[in-house]
Structure formats: C-alpha cells, structure tokens
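Peer 1: Using the sequences and the accompanying hints, generate a full structural model.
Each step along the sequence shown adds one to the number in the numbering used here, with nothing skipped, and position 96 is 96.
Keep in mind the hints are simulated off the structure, nothing from the lab.
Take the hints with a grain of salt, since some may be wrong.
Keeping only pairs whose Cα atoms sit at most 20 Å apart, straight-line, the calculated EDC-like set for lysine to aspartate or glutamate is [as the list claims (entries may be wrong)]:
| no. | residue 1 | residue 2 |
| --- | --- | --- |
| 1 | K255 | D235 |
| 2 | K184 | D262 |
| 3 | K94 | E42 |
For each label pair, taking beta carbons as the anchor points, the in silico distance ranges come out as [stated by the list, open to error]:
| no. | residue 1 | residue 2 | range |
| --- | --- | --- | --- |
| 4 | A64 | L150 | 55 to 65 Å |
| 5 | L112 | R65 | 25 to 35 Å |
| 6 | D121 | D75 | 47 to 57 Å |
| 7 | L70 | E268 | 56 to 66 Å |
| 8 | R285 | D262 | 17 to 27 Å |
| 9 | R285 | Q138 | 16 to 26 Å |
| 10 | E26 | A118 | 35 to 45 Å |
Glycine included, C-beta positions come from ideal geometry on N, C-alpha and C.
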Amino acid sequence: MNSDLNALSAFARVAYWRSFRRAAQELQVSPSALSHTVSKLEQTLGLRLLNRSTRSVSLSDAGARLFAQLNPALDQIGQALDVLNEVRLRPMGKLKLNVPRVAAQLVLAPKLGQFLAAYPDVQLDLVTNDALVDIVEQGCDAGIRFGESLQQDMIAVAIGPPLQFSVCASPEYLRLHGIPKKPKDLLKHACLQYRFPSDLHYVWQFLANGKPLDVATNGAFASDDFTTIIQAAVDGAGICYTYHAHIAPLIKQGKLQAILQDAIPPAERMYLYYPSRNNLSLSLRAFIDFYK
Numbered sequence: 001m002n003s004d005l006n007a008l009s010a011f012a013r014v015a016y017w018r019s020f021r022r023a024a025q026e027l028q029v030s031p032s033a034l035s036h037t038v039s040k041l042e043q044t045l046g047l048r049l050l051n052r053s054t055r056s057v058s059l060s061d062a063g064a065r066l067f068a069q070l071n072p073a074l075d076q077i078g079q080a081l082d083v084l085n086e087v088r089l090r091p092m093g094k095l096k097l098n099v100p101r102v103a104a105q106l107v108l109a110p111k112l113g114q115f116l117a118a119y120p121d122v123q124l125d126l127v128t129n130d131a132l133v134d135i136v137e138q139g140c141d142a143g144i145r146f147g148e149s150l151q152q153d154m155i156a157v158a159i160g161p162p163l164q165f166s167v168c169a170s171p172e173y174l175r176l177h178g179i180p181k182k183p184k185d186l187l188k189h190a191c192l193q194y195r196f197p198s199d200l201h202y203v204w205q206f207l208a209n210g211k212p213l214d215v216a217t218n219g220a221f222a223s224d225d226f227t228t229i230i231q232a233a234v235d236g237a238g239i240c241y242t243y244h245a246h247i248a249p250l251i252k253q254g255k256l257q258a259i260l261q262d263a264i265p266p267a268e269r270m271y272l273y274y275p276s277r278n279n280l281s282l283s284l285r286a287f288i289d290f291y292k
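Peer 2: Here's what the structure looks like:
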C-alpha cells in the first residue's frame with residue numbers, strides 16, 4: 001500500500017521526538033495540522049501508529065515496526081536529495097551530447113581541454129553521428145547541428161566560430177581539366193561527393209547574383225568521411241567542397257587550390273539545441289556559456 005511520503009516523514013518525526021509539539025516546531029507547521037496528517041495516514045493504513053494522551057505520545061506495536069523500517073529509508077532519501085543539491089550548486093555529472101563529426105573537430109575540439117579543466121566534475125560524453133537523430137530518444141542532453149536541421153520544438157543557441165566552406169582541387173587537376181569559372185561549370189568536372197548517412201549526396205551550395213544556387217554535382221567517388229575526400233582531392237582525383245578549416249593548411253602548402261571563392265555563401269555558425277529551458281542542468285548551462 002502506497003502512502004504519501006510527506007505523511008510518512010511527518011509520522012517519523014513525531015515518532016523520533018515522541019512529541020507532536022517538538023516535531024511541529026522542526027517541520028514548521030502547527031501541532032494540529034501535524035496531528036491531522038498523522039491521523040489521515042493511520043486511516044489510510046487502517047492501523048493505529050501512535051498512542052496519544054494530553055501529555056505524552058508513544059508508539060503502538062504497528063507504529064514501532066513502521067518506524068524501525070522507515071527511519072533508515074528516509075535517511076537514504078535525504079542523502080539522495082543531498083546529492084541532487086550538489087548538482088544544483090555546481091556543474092557536475094554526465095553531460096551527453098550528440099554532434100556531427102565536423103562539430104566535434106572544428107567547434108568542440110579546439111577548446112575541449114580548457115572546458116574539461118574548468119569543470120573537472122563534468123563527465124562529457126560525445127556521440128559523433130552525422131545522421132539526424134532524436135536526441136531525447138537517444139538519451140542525450142543536447143545536440144549540435146546547423147540551423148536548417150533543427151526541429152522546431154527545440155531551444156537553440158549559436159555555438160562556436162562561424163564555419164566557412166571552400167571548393168578546391170589540386171593544382172595538377174586544375175592544370176589538366178581547367179579551372180571552373182562559375183558554379184555550373186562544376187557539372188563538367190569530377191566532383192568528390194560527401195554522402196550523408198541517409199545515402200543522399202550533399203548538394204553544393206553557392207551564391208549567384210546574390211541569390212542561393214544549389215548545384216547537384218556528379219563524380220565517380222563518394223564517401224561519408226571528409227578526410228578521405230580531401231585526400232582524394234590532394235591526389236588529383238577531382239574537386240571537393242568542404243569546410244575551409246579542414247583544407248587551409250593544405251592550401252598554404254600548395255597541395256590544394258581554392259576556386260570559386262566569390263560564389264561561396266557566408267560562413268554559418270552551428271547551434272547547440274535541447275528540448276526545454278525548464279530546469280536546465282548547471283553542466284549544460286556551463287557548456288553553453290563556455291562555447292557560445
């Protein structure tokens with residue numbers, strides 16, 4: 001039989017003090033209200049728990065049996081609530097995030113060591129997944145995606161630096177096949193495709209006369225790994241469309257050459273998103289404040 005935890009706790013304090021007055025003072029309620037609570041508990045259980053007189057209170061046999069089991073259980077509950085109070089007071093515990101690999105590499109990794117040093121009691125668990133997933137179903141506290149991928153019922157906060165795309169190829173490939181002058185020229189070239197987990201290929205995005213232009217490029221090679229795609233471009237296999245931060249060192253080394261830069265859309269920031277503003281954990285709040 002289930003009884004209200006507050007009523008059980010009230011009975012336990014009366015049983016401990018053997019006094020309604022002392023227990024009422026501790027609980028900051030009136031003795032009459034406390035007596036009513038205990039009487040209602042007795043009615044619910046169908047047992048007398050306390051023997052009362054105008055001057056004293058004692059435990060019945062049933063009350064003594066209940067108190068013997070109840071007191072350590074309430075102590076354990078109190079200890080559990082004390083642990084939650086710690087969580088309320090400082091960032092701590094597990095923080096699980098679902099992020100695409102590029103977010104892990106370009107947004108989180110550069111400052112990850114600083115975050116972990118600043119919040120040593122936070123256990124950060126990164127799940128790298130390029131597929132769009134239900135973060136609640138996956139047991140994650142939050143996720144990171146570009147804005148167009150966010151569900152409408154999520155709270156979103158811009159996070160990390162703006163990410164710029166670039167189109168590039170090896171100097172040798174461009175010498176042999178020519179340099180595209182406008183985005184639609186790419187349709188005549190071998191373009192190295194990024195494949196989403198859904199098996200769809202990424203459509204390359206450009207600007208033409210200030211307006212968005214999508215180009216569904218073609219090519220003999222596709223991969224779900226940007227590192228492999230970039231290496232294929234370095235090896236002269238074709239043109240790739242990827243994050244500028246990934247290829248900037250290779251451009252500086254002369255292994256890749258950026259093209260069509262005047263047609264690339266403005267840099268975009270990623271967003272950290274989560275289901276609700278209510279009762280946001282200190283760990284997630286600390287993470288948001290640190291990275292945004």
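Peer 1: Do the beta carbons of L112 and R65 sit within 25 to 35 Å of each other?
Peer 2: Once the Cβ atoms are compared, 55 Å apart, the range 25 to 35 Å for R65 and L112 is violated.
Peer 1: Does 17 to 27 Å hold as the CB distance between R285 and D262, or does it fail?
Peer 2: violated, 41 Å
Peer 1: For the hint 56 to 66 Å, verify it against the beta carbon of L70 and that of E268.
Peer 2: About 58 Å separates the Cβ atoms of L70 and E268, which means 56 to 66 Å holds.
Peer 1: Within 20 Å, alpha carbon to alpha carbon, are K184 and D262?
Peer 2: holds, 14 Å
Peer 1: Just tell me: holds or violated, for the beta carbon distance of A64 and L150 against 55 to 65 Å?
Peer 2: Given a distance of about 59 Å, which is inside 55 to 65 Å, the answer is holds.
Peer 1: Return holds or violated for the Cβ distance of E26 and A118 against the range 35 to 45 Å.
Peer 2: At 40 Å between Cβs, range holds.
Peer 1: Take a quick look at whether K255 and D235 sit within 20 Å of each other, Cα to Cα.
Peer 2: holds, 9 Å
Peer 1: If you draw a straight line from the CA of K94 to the CA of E42, is it 20 Å or shorter?
Peer 2: violated, 42 Å
Peer 1: With 16 to 26 Å as the target window, see if R285 and Q138 comply at their CB atoms.
Peer 2: holds, 21 Å
Peer 1: Taking 47 to 57 Å as the stated bounds, is the beta-carbon spacing between D121 and D75 within them?
Peer 2: Between D121 and D75, where Cβ atoms are some 25 Å apart, the hint is violated.
Checked against the numbered hints above, the structure breaks hints 3, 5, 6, 8 and satisfies the rest.
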